[in-house]
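Number of protein chains: 2
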Amino acid sequence: MGKTLIFGHKSPDTDTISSALAYADLKNKRGENAEPARLGPVNKETQYALDYFNVKAPQLIEKVDADVESVILVDHNEFQQSVDNIQEVRIAEVIDHHRISNFETKEPLYFRVEPVGCTATILNKMYKENDVAVSKEVAGLLVSAIISDSLLLKSPTCTKEDVDAAYELAEIAGVDLEKYGLDMLQAGADLSDKKITELLTMDAKEFAMGGERVVIAQVNTIDINQVYHQQAQLEEEIDRSIKEKDLGLFVFVVTDILNSNSDVLALGRNKDKLEKAFDVELKENRALLEGVVSRKKQIVTTLTDAYSE
Amino acid sequence: MGKTLIFGHKSPDTDTISSALAYADLKNKRGENAEPARLGPVNKETQYALDYFNVKAPQLIEKVDADVESVILVDHNEFQQSVDNIQEVRIAEVIDHHRISNFETKEPLYFRVEPVGCTATILNKMYKENDVAVSKEVAGLLVSAIISDSLLLKSPTCTKEDVDAAYELAEIAGVDLEKYGLDMLQAGADLSDKKITELLTMDAKEFAMGGERVVIAQVNTIDINQVYHQQAQLEEEIDRSIKEKDLGLFVFVVTDILNSNSDVLALGRNKDKLEKAFDVELKENRALLEGVVSRKKQIVTTLTDAYSE
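Chains A and B supply the protein sequences, listed in that same order.
Mapping to full-length UniProt numbering: the first sequence position 39 is 39, numbers consecutive.
Mapping to full-length UniProt numbering: the second sequence position 306 is 306, numbers consecutive.
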């Protein structure tokens, strides 16, 4: 049996890395030949979790090699968020919790998307379905993923299933959910040493909306002003990215994890779509979106609506 | 809680009708407000199953009305195979066993596609997952769907899961799998009273391939010559359909259920794609495809390859 590679999206976050590691672990325990991989650098938050539970990051890949028989996508399904040569490989499975878009296969596959807050929550269920016990390390990774995606269970994307899984996994992992969660989020929210380009790419996703390419990049922080200290340089770099990829819109979302708001910076010829979507007026290209913390549930959906009107 | 409508693809077959009925039954038993529906006439094979188990066909709908809160797609996911106003409705779930293509939502949903031979096999599993017993009637519908999609467990799409489910369900339904299966298939294979247009639409699906629209219509028979007796009229009607919808290719697949072969009739400007795909030469627009019985696994995949070369 050939090798199966399991990976999440580009600009990997904690759910993407943890889900790849956990699903490879589950596959291996079922006697299947699977290896986890990642499509980009490990961010600080994820590194905190990996260090805490003493787990090695998965291998970095730029493309899927010819000796790989099939791939499994976790935590994403849209091809533009996946490995560059995704169209050339056989996709055996998808395990995800995002909207479905720009995905296509020739053959039937195992495709499991559930409307929960985190891929890790689905994987926790899959361990049970397969009667495989979750180890302390894997439990630590999975609970870290839930904390990350739900901003410690506060995001509107967070469901009862996520909450239940988080408490269950925290116990197996031997951590206090609140304390560990805040420590991990703060490790990730430390942006002080980030270069401008890093801020804009560390958690950036591209979407197709109304025939336009839209990039939405997000960072979490406990100090919004510190991030916007360099607004001019951020704008310069965003403009470069817009020209290079012919984007209709670039939205940089700076989320205040303590107060659950986002201060966004938007550039591009479709700036009016963002203003229309959230009924705000951009001032110096920025607007405060009260109560908005979820890219998936609060930004992508609202913006997609504005594009399709 | 608003109403949820559950339906399968256009030109409904036994899996589409049975899955809509069964999933609505499961939802109702879980206390949810769901109604089955269908997008076209009930074919003879399905009618045989409905009559045998004394179940009423689901309601016929042409579009989803405004009072419907959400819809669930069973046995399909490609929008061109679904209800005409599918883009205007909220899709809550998809339960399917086909390739994924031309499907998109704004929001996350419950999307479950498994590489098995029949949607009914997934539904049988879902009854178990939900601890709901399958009634004799529903078992009868589900086993009929498996028999239909697998041509009595003979199609290459048929997996071990389908076989196990078929025997299990046949027992609950109180039928002999072989005997009931052959009777049902023969009821469906009786094409003697079909008009030309019916033959071409009773199980027709449209696909997007290489930027072209391709229709593949399939009928099962125990007498291929009887179907092609009227080849000239079939071609006339297919030509009309090609012009009307600007199709690149129309493939009419006549499958001999006793010998597991298909004799296909192909028209359209992309006829060469079929010849290339199966390495055959069309004679009088026809070719015998030895051992080919599955549109999904043997025709769509091979043809898609030919279009993408």
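I should point out that these hints are in silico values taken from the structure, not numbers from a laboratory.
Treat each hint with caution, since some may be false.
In the DMTMM-like style, the derived pairs of lysine to aspartate or glutamate whose C-alpha atoms are separated by at most 25 Å in a straight line are [to be verified]: (1) B:276 / A:104; (2) A:276 / B:104; (3) B:27 / A:104; (4) B:63 / A:309; (5) B:29 / A:305; (6) A:297 / B:69; (7) B:29 / B:129; (8) B:27 / A:164; (9) A:276 / B:161; (10) A:3 / B:114; (11) B:160 / B:114; (12) B:3 / A:161; (13) A:106 / B:69; (14) B:283 / B:236; (15) B:106 / A:129; (16) B:63 / A:305; (17) A:125 / B:236; (18) A:29 / B:69; (19) B:106 / A:305; (20) B:276 / A:107; (21) A:297 / B:107; (22) B:245 / B:256; (23) B:106 / A:176.
Stretch by stretch, here's where chain B covers chain A in the computed footprint (C-beta under 8 Å, at least three residues) [to be verified]: (24) 93-101; (25) 107-115; (26) 178-192.
Sample of chain A residues at the chain B side, in silico, Cβ under 10 Å [what the hints assert, rightly or not]: (27) 129; (28) 130; (29) 308.
Even glycine gets a Cβ: it sits at the ideal position worked out from N, Cα and C.
Structure-based check of all given hints:
The hinted pair formed by residue 276 (chain B) and residue 104 (chain A) meets the criterion: a straight-line CA distance of about 23 Å does not exceed 25 Å. Taking the CA atoms of residue 276 (chain A) and residue 104 (chain B), the gap is near 23 Å; set against the 25 Å cutoff, the hint holds. Proposed proximity of residue 27 (chain B) and residue 104 (chain A) is contradicted: the alpha carbons are some 29 Å apart, above 25 Å. A distance of roughly 21 Å separates the Cα atoms of residue 63 (chain B) and residue 309 (chain A); the hinted pair therefore holds under the 25 Å criterion.
Of the pairs offered as hints, the one joining residue 29 (chain B) and residue 305 (chain A) is violated, with about 35 Å between alpha carbons and a cut-off of 25 Å exceeded. Our distance criterion of 25 Å between C-alpha atoms is met by residue 297 (chain A) and residue 69 (chain B), whose separation comes to about 19 Å. Between the alpha carbons of residue 29 (chain B) and residue 129 (chain B) the distance comes to roughly 13 Å, so the proposed pair stays at or under 25 Å and holds. Taken as a hint, the residue 27 (chain B) and residue 164 (chain A) pair is honoured in the structure, with Cα atoms around 24 Å apart against an allowance of 25 Å.
The straight-line distance between the Cα atoms of residue 276 (chain A) and residue 161 (chain B) is roughly 50 Å, outside the 25 Å bound, and the hint therefore fails. At most 25 Å may separate the alpha-carbon atoms for a hinted pair to count; residue 3 (chain A) and residue 114 (chain B) meet this at roughly 21 Å. For the hint linking residue 160 (chain B) to residue 114 (chain B), the alpha-carbon distance of about 13 Å falls within 25 Å, and the restraint holds. Simply put, residue 3 (chain B) and residue 161 (chain A) have alpha-carbon atoms about 24 Å apart, close enough for the 25 Å limit, and the pair holds.
At roughly 31 Å between alpha-carbon atoms, residue 106 (chain A) and residue 69 (chain B) are farther apart than 25 Å, so this suggested pair is violated. A threshold of 25 Å between alpha carbons decides the hint, and for residue 283 (chain B) with residue 236 (chain B) the separation of about 17 Å falls inside it, so the pair holds. Note on residue 106 (chain B) and residue 129 (chain A): the hinted pairing is violated, with a Cα-Cα distance of about 29 Å set against a maximum of 25 Å. About 22 Å separates the Cα atoms of residue 63 (chain B) and residue 305 (chain A), which keeps this hinted pair within 25 Å; it holds.
Taken as a hint, the residue 125 (chain A) and residue 236 (chain B) pair is broken in the structure, with Cα atoms around 54 Å apart against an allowance of 25 Å. Between residue 29 (chain A) and residue 69 (chain B) the alpha-carbon distance is near 42 Å, which puts this suggested pair outside the 25 Å criterion. For the hint linking residue 106 (chain B) to residue 305 (chain A), the alpha-carbon distance of about 8 Å falls within 25 Å, and the restraint holds. For the proposed pair residue 276 (chain B) and residue 107 (chain A), the alpha carbon gap of about 19 Å is at most 25 Å, so the pair holds.
Restraint check for residue 297 (chain A) and residue 107 (chain B): satisfied, since their Cα atoms lie roughly 7 Å apart, inside the 25 Å limit. The hinted pair formed by residue 245 (chain B) and residue 256 (chain B) fails the criterion: a straight-line CA distance of about 28 Å is larger than 25 Å. A C-alpha spacing of about 35 Å is found between residue 106 (chain B) and residue 176 (chain A), which places the hinted pair above 25 Å, so the restraint is violated. Given as covered by chain B, the region 93-101 of chain A passes the check, having 5 residues with a CB less than 8 Å from a CB of that chain where 3 are the minimum.
With a cut-off of 8 Å between beta carbons, the region 107-115 of chain A has 9 residues touching chain B; three or more are needed, and the interface restraint holds. Residues of the region 178-192 of chain A lying with their CB closer than 8 Å to a CB of chain B number 0, which falls below the three-residue condition for coverage. Nearest Cβ of chain B to the Cβ of residue 129 (chain A): about 9 Å, under the 10 Å cut. The hint holds. For the restraint placing residue 130 (chain A) at the interface with chain B, the shortest Cβ-Cβ distance is roughly 13 Å, beyond the 10 Å limit, so the hint is violated.
Using the Cβ-Cβ criterion of 10 Å, the hint placing residue 308 (chain A) at the interface with chain B is satisfied: the shortest such distance is roughly 8 Å.
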